[in-house]
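Quick note, the sequences are listed as chains A and B, same order.
Just so we're aligned, residue 1 is where the first sequence starts under this note's numbering, counting upward by one.
Just so we're aligned, residue 1001 is where the second sequence starts under this note's numbering, counting upward by one.
Check the hints yourself; a few may be wrong.
Claimed, not checked - Cross-link-like lysine-lysine pairs, in silico, DSS-like; alpha carbons within 27 Å at most:
#: 1; chain 1: B; residue 1: K1057; chain 2: B; residue 2: K1013
#: 2; chain 1: B; residue 1: K1003; chain 2: A; residue 2: K58
#: 3; chain 1: B; residue 1: K1071; chain 2: B; residue 2: K1018
#: 4; chain 1: B; residue 1: K1013; chain 2: A; residue 2: K49
#: 5; chain 1: B; residue 1: K1071; chain 2: B; residue 2: K1003
#: 6; chain 1: B; residue 1: K1053; chain 2: A; residue 2: K58
#: 7; chain 1: B; residue 1: K1013; chain 2: B; residue 2: K1055
#: 8; chain 1: A; residue 1: K49; chain 2: A; residue 2: K22
#: 9; chain 1: B; residue 1: K1053; chain 2: B; residue 2: K1018
#: 10; chain 1: B; residue 1: K1057; chain 2: B; residue 2: K1071
#: 11; chain 1: B; residue 1: K1018; chain 2: B; residue 2: K1070
#: 12; chain 1: B; residue 1: K1018; chain 2: A; residue 2: K49
#: 13; chain 1: B; residue 1: K1003; chain 2: B; residue 2: K1057
#: 14; chain 1: B; residue 1: K1070; chain 2: A; residue 2: K114
#: 15; chain 1: A; residue 1: K77; chain 2: A; residue 2: K58
If you're looking for bench data, these hints aren't it; they were derived computationally from the structure.
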Amino acid sequence: AQSVAQPEDQVNVAEGNPLTVKCTYSVSGNPYLFWYVQYPNRGLQFLLKYITGDNLVKGSYGFEAEFNKSQTSFHLKKPSALVSDSALYFCAVRIPNTNAGKSTFGDGTTLTVKP
Amino acid sequence: DVKVTQSSRYLVKRTGEKVFLECVQDMDHENMFWYRQDPGLGLRLIYFSYDVKMKEKGDIPEGYSVSREKKERFSLILESASTNQTSMYLCASSSPGPGALDTQYFGPGTRLTVL
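So here's chain B without its partners, still in its complex pose:
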């Protein structure tokens, strides 16, 4: 089974802090994604990556950056956390290969609170 792990389930940070959210997948998937989930707004894509060191902006990239130095690891960085970044953050991975066909596998989520 695919396993996607996220470094923290709960995180509390202060306004202005730099925040790192880590995601690791163990299925050699090419694609990785970061979403935020807010009530009534569904899933919104922040950034995604289709290869090591490759990244593309999603729908709401402002205030975020990402890093993918190794295939299995995709990091989300909040350069200067703000209260409006309080949210649930979900990481996912997928592969376009036969059978998988871009089915996304999600981590358990990190609930970030910025005070």
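Here chain A stands alone, though its shape is the one from the complex:
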């Protein structure tokens, strides 16, 4: 079975500081890993994904994530946070070619960026 953990319910950072939202996973096999974001009163939207290759993946809005196989982590990062980055972030894992496209989502981390 696959599982995802987001150990922090809430992350607070000051605008201009770097941010990290943590995600660890547990799967048997080589996973696809995703980050999604939900801005207030809006649906979830795709941010970035890791499939294979370079461990550092770049996505929308200046976000990036680093895949670390030995630590089974896929932390989301941004060098300089903006107030507009305040949102709910979900990490998800998918085992290719199984379960008809089903992904397992973490419980979400609320990021608050203060001016």
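Put chain B on the given structure of chain A with help from the hints.
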């Protein structure tokens, strides 16, 4: 761009009513999903479908059923609504094809209140 639409943004129903939530996607995606989102519980998968007339139970199928008569449309049915089904319902679609690789695209959500 992928577009996933849901029939209602807000819905208020009474206990015992039969409720239909409709979802339509315009990208010819094979997979479609229904989730509910509750504070502190993240996203929980109710049902998913990988083809027309095919469906599989997710993590919390009790009290729900689904219908997929056409590829673009996936309906969630609450046979007899109860107050504990008050929630935000999110529909998503995905494709396993090259490039997409099961990235999920979400609708705006339906906030259902059962009185």
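Evaluation of the provided hints:
no., hint, in the structure
1, K1057/B <-> K1013/B, "holds, 24 Å"
2, K1003/B <-> K58/A, "holds, 23 Å"
3, K1071/B <-> K1018/B, "holds, 23 Å"
4, K1013/B <-> K49/A, "violated, 38 Å"
5, K1071/B <-> K1003/B, "holds, 14 Å"
6, K1053/B <-> K58/A, "violated, 37 Å"
7, K1013/B <-> K1055/B, "holds, 26 Å"
8, K49/A <-> K22/A, "holds, 15 Å"
9, K1053/B <-> K1018/B, "holds, 21 Å"
10, K1057/B <-> K1071/B, "holds, 18 Å"
11, K1018/B <-> K1070/B, "holds, 21 Å"
12, K1018/B <-> K49/A, "violated, 38 Å"
13, K1003/B <-> K1057/B, "holds, 24 Å"
14, K1070/B <-> K114/A, "violated, 46 Å"
15, K77/A <-> K58/A, "holds, 10 Å"
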